[in-house]
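Q: Turn these sequences into a full structure, and let the hints steer you where they fit.
Number of protein chains: 2
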Amino acid sequence: MATYQAPLRFMRFLLHEVFNTQEMLKKLDIMEDFNVELMDAILDEAANFSQQVLLPINQSGDEQGCTFNEGAVTTPDGFKEAYKKYLEGGWAVMGCDEKYGGQPLPKALHLMIEEIFYACNTSFGLYPNLTNTAIQLLETHASQELKESYLAKMVSGQWSGTMCLTESHAGSDLGLIKTKAVEQPDNSYLISGTKIFISAGEHDLTENIIHLVLAKLPDAPEGSRGISLFLVPKFLPNEDNTPGERNTVTCGSIEHKMGIKASATCVLNFDQAKGYLIGEINAGLKCMFTMMNNERLSVGMQGVGIAEVSLQSATAYALDRKQGRHQGSKEAADSIIGHADIRRMLLSMMSMNGGCRALAAFAGNLHDVSVHHNDEAERKKSERMLAILTPVCKAYFTDASFDSCNNGVQIFGGHGYVKEWGMEQLVRDVRITQLYEGTNGIQSMDLLSRKILADDGRGWEEYKSELCAMIKEAEEVNVLGKDCTRVRQAMGNLSSVTDSLLEDGKRNSGLVGAVATEYLNLFGTVTLGCLWLKMAAVSINTGEDDLFYKQIRSSCAFYCRHQMATVFTSVNRIMAGSHTIVSPELEEFELTTLVN
Amino acid sequence: MATYQAPLRFMRFLLHEVFNTQEMLKKLDIMEDFNVELMDAILDEAANFSQQVLLPINQSGDEQGCTFNEGAVTTPDGFKEAYKKYLEGGWAVMGCDEKYGGQPLPKALHLMIEEIFYACNTSFGLYPNLTNTAIQLLETHASQELKESYLAKMVSGQWSGTMCLTESHAGSDLGLIKTKAVEQPDNSYLISGTKIFISAGEHDLTENIIHLVLAKLPDAPEGSRGISLFLVPKFLPNEDNTPGERNTVTCGSIEHKMGIKASATCVLNFDQAKGYLIGEINAGLKCMFTMMNNERLSVGMQGVGIAEVSLQSATAYALDRKQGRHQGSKEAADSIIGHADIRRMLLSMMSMNGGCRALAAFAGNLHDVSVHHNDEAERKKSERMLAILTPVCKAYFTDASFDSCNNGVQIFGGHGYVKEWGMEQLVRDVRITQLYEGTNGIQSMDLLSRKILADDGRGWEEYKSELCAMIKEAEEVNVLGKDCTRVRQAMGNLSSVTDSLLEDGKRNSGLVGAVATEYLNLFGTVTLGCLWLKMAAVSINTGEDDLFYKQIRSSCAFYCRHQMATVFTSVNRIMAGSHTIVSPELEEFELTTLVN
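Those sequence lines, one after another, are chains A and B.
Note that the numbering used here numbers the first sequence so that position 126 is 180, with each residue one more than the last.
Note that the numbering used here numbers the second sequence so that position 357 is 411, with each residue one more than the last.
FYI, nobody ran anything at the bench for these hints, they're computed from the structure.
Fair warning: there could be bad hints in the mix.
Any copy, or any two copies together, can satisfy a pair, since identical chains are not distinguished.
[Said to hold, decoys possible] Below, in silico cross-link-like pairs of lysine to any residue (SDA-like), each with a Cα-Cα straight-line distance of 25 Å or less: (1) Lys340 <-> Gly277; (2) Lys536 <-> Val625; (3) Lys536 <-> Thr620; (4) Lys234 <-> Gly468; (5) Lys536 <-> Ser550; (6) Lys234 <-> Lys434; (7) Lys384 <-> Ser563; (8) Lys473 <-> Asp453; (9) Lys201 <-> Glu221; (10) Lys134 <-> Gly119; (11) Lys340 <-> His380; (12) Lys435 <-> Phe88; (13) Lys473 <-> His310.
A: Encoded structure:
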């Protein structure tokens with residue numbers, strides 16, 4: 055079984071020392087209860103619960119998978135019991151409105167707890183996660199009536215939630231959906247159509263399932279401007295909010311997937327199922343993005359969590375496994391952790407994962423400011439920066455995590471390929487994170503096209519100031535000279551690339567598509583460089599020199615020298631962008647015919 | 055099911071137009087039969103056989119896997135029948151000595167046929183492949199007596215072969231093996247020990263299995279200089295060469311793996327099993343490398359074959375799948391193949407895979423010269439270059455192929471993650487190629503340490519001349535100016551990095567380990583750049599301008615502008631190498647303790 059202990063020291067370092075979440079919350083005048091002690095206690099509990107309850111059923115859940123029989127889905131052994139303990143532990147109510155029984159939670163802390171849950175069992179984590187983000191959507195957009203009928207049961211975790219977007223011919227392009235909604239005299243709607251890839255669409259963990267469904271009214275405008283959002287319960291609630299009449303939404307089958315096999319991925323058939331409008335007609339996609347944006351941060355944490363398991367397992371194995379000798383050794387064989395190529399992989403994993411976690415904490419605090427700050431200008435500014443960072447957290451984290459999981463397998467050698475050791479499951483499980491909630495290609499288009507260009511670089515300039523402040527903070531510490539130089543140069547690269555795209559990109563959507571993925575890589579790499587400098591500076595400013603702080607500085611050094619080197623490739627590719635994928639030579643390139 | 059048609063046009067282009075294999079063979083005065091027509095006929099037949107017999111049982115083989123019951127291994131449905139057809143088609147005898155019923159085959163052609171077999175069914179391909187490379191070993195190193203007893207049956211494919219190296223505590227470091235060999239009065243040996251990860255170690259395809267086993271004599275020197283090689287048959291042959299007495303080698307279990315599930319990966323227990331020495335005592339590892347080097351080229355072709363399936367399947371899907379609109383389109387949705395980010399991925403896959411195939415053809419011709427040329431100096435020169443290229447073919451091809459398979463999944467979006475479409479199987483199957491026959495980290499150490507540094511750069515200088523000749527050839531064509539400039543600059547980078555490592559590397563084995571992986575990346579990237587220039591130059595020199603040639607030039611353009619951009623990262627990392635993994639800051643870095 056994989057090795058895992060929640061990285062609590064690192065998490066506390068980020069919350070309390072690097073981003074000072076407690077002080078930030080005080081300024082917002084909310085969640086004053088969340089002092090250092092309370093946050094630490096919650097982290098400890100999350101670690102205990104996950105390691106004791108979720109981790110032991112992760113490998114067996116993968117082996118057994120979900121089973122489908124005549125419309126019913128059975129989760130693997132132990133999942134029902136674990137879900138019960140999850141509710142008993144009070145985890146379901148986290149981050150929800152107190153009015154419906156919820157408990158507010160700083161977002162940075164919330165994301166770390168999610169990381170821990172996902173690390174121990176991503177398949178399990180998806181069930182309550184979808185409920186949680188569905189709750190956020192309902193809190194923001196649903197009518198008071200719907201809130202009263204559904205939220206308390208969902209917040210308590212007795213009922214779960216789903217997001218029903220994809221259809222077989224409409225994934226990245228939701229404008230093409232065919233699911234229909236027809237209004238009824240009682241203001242409800244009848245929903246008809248088939249949705250695919252619905253996580254937790256059917257299962258045996260809760261007594262009711264609340265589907266949030268995108269559909270089109272008969273007279274809706276074409277494309278994405280004609281999409282409305284509906285709440286469609288599996289069981290229509292009775293007046294006393296117990297599950298009543300069975301609605302006509304049924305599970306047709308579940309997918310057989312590469313990984314996250316204990317998560318039920320369902321085909322859902324809506325056959326004139328009763329539903330209720332959420333938000334305005336034809337404004338469903340905008341509402342759905344409340345859920346989607348939270349999901350994207352959450353998917354990023356799936357990546358970080360799984361990659362952390364890979365890092366810790368590979369580290370333990372590399373300490374234990376003896377092959378070959380180090381220079382000057384007299385042993386028959388030494389631990390492979392001493393071999394430079396193994397250290398390169400471990401340090402890559404560690405510096406990428408730590409950097410991603412730091413960005414998540416940063417984004418989490420932005421979230422709280424964007425929601426709770428008294429000053430609207432501050433709220434809007436944080437909102438713009440968070441909007442920029444959401445696709446970065448989703449795509450950069452998950453790409454990095456996929457690499458980390460593969461490095462983990464590589465360090466295990468042939469043993470990494472064998473199921474017994476649990477390493478190949480990490481690769482299979484993490485692979486989905488690059489695909490769902492918008493492929494990473496879609497994220498990169500969102501970043502460059504919508505968040506940078508469409509905003510005329512406004513959010514970008516604000517964000518850039520934040521990053522430059524981190525570099526400056528590190529420069530003032532004095533001992534990080536070379537690392538600072540590298541990051542400042544890379545920041546300059548990112549700046550000039552962004553300026554040039556702000557100039558050319560709007561006129562040339564082909565260019566944007568051609569360079570977006572590489573732009574997101576560059577953006578993420580520079581961001582993590584700044585965050586590592588900040589962490590290293592904080593570690594020096596404590597005046598202490600324990601092993602943890604030394605390792606923060608070592609990770610920073612490695613990141614700045616090894617990972618930052620990808621900047622050269624990114625810049626070169628972006629600059630060559632217009633000459634590669636959109637060049638005349640390649641326009642005539644019929645990809646079909648090279649084969650024979 | 056995945057889409058695949060053997061890339062015959064490309065293969066013919068390489069054999070006949072780029073590397074002129076027919077003329078090369080004439081100069082060697084062997085295999086004169088192998089004119090263009092014969093090679094094409096064999097390629098056609100290989101494609102027909104593989105597509106009709108092997109491809110249809112690839113996905114079902116993955117689903118069903120091999121089963122183990124009381125020492126016996128059953129291959130999935132259809133494998134026995136397919137193996138019978140494989141023998142009937144005369145494929146087993148390919149590349150073997152005519153004396154034992156074999157049929158010589160140009161190595162470049164052989165590698166292409168392997169690519170086709172592996173593309174259609176890697177798991178199947180492993181069974182005859184191991185037999186084939188075992189035959190090469192026996193032809194080179196076995197006594198006349200052993201050859202007479204075993205080769206005819208192995209060449210006919212009635213008996214199969216294995217290579218038994220790894221033990222649970224000895225993988226990358228074979229010096230640690232514990233399997234013992236004790237000499238008997240009749241000059242045979244009794245072999246005792248347990249080998250793991252033995253592909254085709256037990257199965258139901260052949261009537262006998264011939265194991266080539268590394269073991270140590272009781273008085274053998276420590277480490278890798280004390281390893282001897284033995285032939286251990288499952289059934290001891292009778293005098294008439296029919297399988298006789300059952301030998302005491304048994305299969306204890308098979309591994310449950312991430313992929314290649316239809317290939318039996320066995321634990322083999324040798325319990326005083328009767329074996330026969332091959333080659334000299336304590337020189338077993340050197341003999342085994344005859345097999346290993348052929349295997350490494352073969353593993354490279356597994357990568358290329360599987361990646362080709364990914365490319366073709368993703369291309370077909372991208373043509374068919376309609377999401378989003380191209381600039382100015384009036385359709386509801388256009389094929390995603392027009393989206394720049396999709397084209398980027400397809401062009402990456404195509405340019406990497408085509409470049410790898412070209413390097414395989416180049417290496418194949420070197421192999422034939424190294425074996426058959428009349429002039430010893432020519433033989434040795436080709437041998438040195440092939441020695442350099444073997445780890446590159448193994449590691450660079452398989453790393454590139456893993457990326458290609460993941461790009462394939464990414465293009466399919468969520469459908470790529472679902473088993474039904476066959477794309478995720480490609481990722482799982484190809485992942486092993488980076489691990490077995492020496493991890494890619496081991497390959498990079500082999501390249502830099504043994505093939506470049508230990509040879510004092512002699513083979514490297516010869517190889518460099520070959521590459522520079524390709525660049526020059528392209529420069530003379532005149533229309534490839536910018537691409538030539540990029541490749542020449544990268545060649546300069548590779549040259550100066552190599553010179554600097556020749557200077558510093560021998561004194562500092564830590565440095566070599568720290569930079570080896572990135573050095574192999576750089577080496578492979580520059581090599582493929584030169585090969586793409588050569589292919590583009592040939593396509594221009596034909597004077598024709600059909601679509602195929604245009605696409606060769608487009609691939610060259612994309613490769614030189616997009617893929618070559620990784621050179622900047624590689625050079626930067628290598629130059630920073632001594633400051634990263636082996637720097638004093640990181641020496642004290644205890645990787646275990648960051649966790650908590």
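Q: Decide, hint by hint, whether the structure agrees.
A: Taking the hints in turn, this is what the structure says about them:
| no. | hint | result |
| --- | --- | --- |
| 1 | Lys340 <-> Gly277 | within (13 Å within a copy, 66 Å between copies) |
| 2 | Lys536 <-> Val625 | both (20 Å within a copy, 18 Å between copies) |
| 3 | Lys536 <-> Thr620 | both (17 Å within a copy, 23 Å between copies) |
| 4 | Lys234 <-> Gly468 | between (51 Å within a copy, 23 Å between copies) |
| 5 | Lys536 <-> Ser550 | both (21 Å within a copy, 24 Å between copies) |
| 6 | Lys234 <-> Lys434 | neither (35 Å within a copy, 73 Å between copies) |
| 7 | Lys384 <-> Ser563 | between (62 Å within a copy, 16 Å between copies) |
| 8 | Lys473 <-> Asp453 | both (23 Å within a copy, 21 Å between copies) |
| 9 | Lys201 <-> Glu221 | neither (27 Å within a copy, 62 Å between copies) |
| 10 | Lys134 <-> Gly119 | within (14 Å within a copy, 30 Å between copies) |
| 11 | Lys340 <-> His380 | between (58 Å within a copy, 23 Å between copies) |
| 12 | Lys435 <-> Phe88 | within (24 Å within a copy, 72 Å between copies) |
| 13 | Lys473 <-> His310 | both (18 Å within a copy, 6 Å between copies) |
Against the hints set out earlier in the document, violations occur for numbers 6, 9.
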